[in-house]
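Chains as they are written, first to last, in numbering that gives the first Met the number 0: chain X, 0 to 223; chain S, 0 to 291.
Each hint can be trusted.
Covered stretches of chain X, as calculated for chain S (at least 3 residues, CB under 8 Å):
(1) 27–37
(2) 42–48
(3) 61–75
(4) 78–90
(5) 195–206
Beyond 12 Å from chain X on every Cβ pair, some chain S residues (computed):
(6) Thr73
(7) Gly74
(8) Met86
(9) Ala113
(10) Leu285
Derived, one-sided and incomplete: chain X residues facing chain S with beta-carbon distance under 8 Å:
(11) Gly23
(12) Glu175
(13) Thr209
(14) Glu211
(15) Gln212
(16) Ala215
Treat the hints as calculated values from the structure; they're not laboratory data.
The model shown is predicted, which means the values in this text are computed figures rather than measured ones.
From the three backbone atoms N, C-alpha and C, an ideal C-beta is built for every residue, glycine too.
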Amino acid sequence: MSRAALLLLADGRFPAGGYAHSGGVEAAVAHNAVHDIHSLEAFCRGRLHTTGLTTAGLAAAAAAGCDPLLLDDAADARTPVPALRAVARKLGRQMMRAARATFPSAELDRLAAERPQGAHQPIVQGVAARAAGLTPRDAACAAAYEAVGGPATAAVRLLSLDPLAASWLLARLSTEADAVAANAAGAAARVETEGPDALPSASSPLLDITAEQHAAWTVRLFAS
Amino acid sequence: MSSGSRLAEPGTPPDPTVPATATATNTAAGTDASCGHPDGVHATARIRATYNGRVTTLPQLRSDGPFHLRRIRTGGRGATVGIIGAMSAPLGGDRLALDITAEDRAELEVTTAAATLALRGPTTAPATYDVRLTAGEHACLRWLPQQLISAAGSNLRQTCTVSLAATSRLLLREEQILGRADEEPGHLVSRIRVHRAGRLLLDQHTAYGDPAPGWDGPSVLDGHRAVGQLLVVDPELDADRAPVLLREGIKDGCAVLAPLAGGPALFATAVAPSSSALRELLDQALGHALGE
Chain X
0 MSRAALLLLA DGRFPAGGYA HSGGVEAAVA HNAVHDIHSL EAFCRGRLHT TGLTTAGLAA
60 AAAAGCDPLL LDDAADARTP VPALRAVARK LGRQMMRAAR ATFPSAELDR LAAERPQGAH
120 QPIVQGVAAR AAGLTPRDAA CAAAYEAVGG PATAAVRLLS LDPLAASWLL ARLSTEADAV
180 AANAAGAAAR VETEGPDALP SASSPLLDIT AEQHAAWTVR LFAS
Chain S
0 MSSGSRLAEP GTPPDPTVPA TATATNTAAG TDASCGHPDG VHATARIRAT YNGRVTTLPQ
60 LRSDGPFHLR RIRTGGRGAT VGIIGAMSAP LGGDRLALDI TAEDRAELEV TTAAATLALR
120 GPTTAPATYD VRLTAGEHAC LRWLPQQLIS AAGSNLRQTC TVSLAATSRL LLREEQILGR
180 ADEEPGHLVS RIRVHRAGRL LLDQHTAYGD PAPGWDGPSV LDGHRAVGQL LVVDPELDAD
240 RAPVLLREGI KDGCAVLAPL AGGPALFATA VAPSSSALRE LLDQALGHAL GE
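Chain X on its own, in the form it takes in the complex:
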């Protein structure tokens, strides 16, 4: 495996469209629930252990070679609001385009053909990681990091926070992100015997509710 491939896959500059999404932090800022670096850290920690754990599990299972269509159904059942399902598929479609150009593979081609509207993004990420020769743990790590990296970067723009403080926050959360990735990869290893039910389905009520509120706004800076 190549370490550089993991850095490439997890890089915010990887052209997969993630920069246009705030991971729910735009809605939280509008509600004044996130207003400084400390409330941002609490937001990111909650997101890491809910959505982050769930997406990391899906990414790890896809990287382990589990049937991506089965995982796509599992992702739908773990995403009860249409706004977040639409975002996950849109991001999946964009990541698919970038991944097929970067890490060409028959498995990516097959998934693209089966899900022309886009599979859930962490599943595409996992299949891409597999194509790049990365491990399920690597894929989980990329997903977990993205679960906090996205909102932290968006909050810097929304609140004019100090980017150095945001980096400090991400470094503080890195041990927890690693632990989440390890848990997710452990669950993914059980999918072969227990089926996709072995994967985490950690969820957060406010991320679901505010995602639909945000989708109904007429003017917004981020797509989600």
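Dock chain S against the given chain X, drawing on the hints supplied.
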């Protein structure tokens, strides 16, 4: 404290062979030997409803432990069962289960007479509370318990596992109150999983109260202490509709009602500062779901 009875502390790298999600798996399986405690109550109450061509009958109504089952006379085609708390439960170390089945064409409603209060008990070991709901073809099952209150120091793992036939109808409402008045809540881990015609429709896992990491932050509850869900599954439901938002802010509570991806189902998620505000939101969501 028995081993394996707590989630990994936040921030400590866990043993990779023991994933934190094992909690979900164990409780989903319903019987994890490590959860039990010699002092704990082990009880499984069962309700089975059948349709005899005229009305719904209850060939099995088995009370056990804290669950005292009472048929409530309603006069219609359906049957209603009230669950009366016969002792304080769940306490730490208890293993409680409810098995509720509405067979083909039966119409069954099950409620609880009072809120369920999770308390600390003689041990900090978790209690388990597993509800299994099964509905057959053309059956109608309504599971409408009163609130579950997670009192300070309690530790409860709750599961709700639902299995529906393609033509069954379901109405499910769950409400969780984190702490009694102005106290810190206990640790409450819940997983709800719904299969319809063999396919997974919904899988959600929540963890509130210390040591669950991040549970009270702006991305999960943001200080709210009441959280609930409402699920309506009905093959005749027009589920292809836009989400309904109840209240725009988040401070006074809010909810969303939206169709699930995998079937004719509407699902509401609500958070609120109090149990009464939560019930109001879920009642409104139900009204929208039923097209009122």
